[in-house]
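**Student:** Based on the hints, put chain B in the right spot on chain A.
Protein chains in written order, with the numbering used here: chain A, 1400 to 1515; chain B, 68 to 178.
Among the hints, a few may not be true.
Stated by the list, open to error - Derived pair list, reagent style SDA-like, types lysine to any residue, alpha-carbon separation capped at 25 Å:
#1 B:123 - A:1496
#2 B:173 - A:1505
#3 A:1456 - B:70
#4 B:72 - A:1457
#5 A:1503 - B:164
#6 A:1503 - B:132
#7 B:170 - A:1443
#8 B:72 - A:1440
#9 A:1456 - B:83
#10 B:173 - A:1409
#11 B:173 - A:1413
#12 A:1503 - B:177
#13 A:1503 - B:123
#14 A:1503 - B:97
#15 A:1503 - B:138
#16 B:72 - A:1458
#17 B:135 - A:1451
#18 B:173 - A:1487
#19 B:177 - B:138
#20 A:1503 - B:76
#21 A:1503 - B:72
#22 A:1503 - B:141
#23 A:1470 - B:149
#24 B:135 - A:1502
#25 A:1503 - B:121
#26 B:170 - A:1480
#27 A:1410 - B:115
#28 B:170 - A:1413
#29 A:1503 - B:143
#30 A:1410 - B:109
#31 B:138 - A:1502
#32 A:1503 - B:115
#33 A:1503 - B:122
#34 A:1503 - B:69
#35 A:1456 - B:161
#36 A:1456 - B:162
#37 A:1456 - B:69
#38 A:1413 - B:108
In case anyone wonders, no lab produced these hints; they're calculated from the structure.
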Amino acid sequence: DTGVSQNPRHKITKRGQNVTFRCDPISEHNRLYWYRQTLGQGPEFLTYFQNEAQLEKSRLLSDRFSAERPKGSFSTLEIQRTEQGDSAMYLCASSAPRVATNEKLFFGSGTQLSVL
Amino acid sequence: DQQVKQNSPSLSVQEGRISILNCDYTNSMFDYFLWYKKYPAEGPTFLISISSIKDKNEDGRFTVFLNKSAKHLSLHIVPSQPGDSAVYFCAAKGSQGNLIFGKGTKLSVKP
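Pulled out of the complex, with its shape left as it was, chain A reads as follows (with noise of 0.2 Å):
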């Protein structure tokens, strides 16, 4: 399988606690982003890295989040002090962005967050 992969693809935790994602890319895509989907909502971008350099994060993603790309390979998503607000399917997308802007997200399954 070459597609994007997200585990776990389901995480319940209790409110404060610590948790952790991770997202393998398709192997020749040098950039992965990251989403969050919410109940009647489109996905929402929270970063993005090009290779190992995180390049852009949105203002959705507070102080409590940090994302890793150590080696330009896997990334990682973490989030500290959960809070109920934070229950949603994070998402993972990589591509590999061509001459020409056209470019399309592959997705992958998605890492469904419940905090209680």
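**Tutor:** Coordinates of chain B only, in the frame set by chain A:
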């Protein structure tokens, strides 16, 4: 302030008929648009895209139309099939290559 808007939360059509999903955007600098399809508990999957230099792109049963002057695009599915039942998201490509999504339209195709 939503830059990409899908004003119809849901749409129901009969199998074999045409489905038309609509999308409006506010930023005239957007130059590339995509439609994604999403099933429950799965990530969005790419369906079709269009560059702003075109007004139509067709792929099998799926056609996307772009009206730049109206900042409007639509996705036509014909003929609609029950397997097309899903949530459809319209997205515009932002300056960093990230996608800006609408809230989605849930399509139900009834046999």
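**Student:** State the violated hints by number, sorted upward, taking the hints as numbered earlier in the document.
**Tutor:** Violated hints (numbers, rising): 9, 11, 12, 17, 19, 23, 26, 27, 28; every other hint is consistent with the structure.
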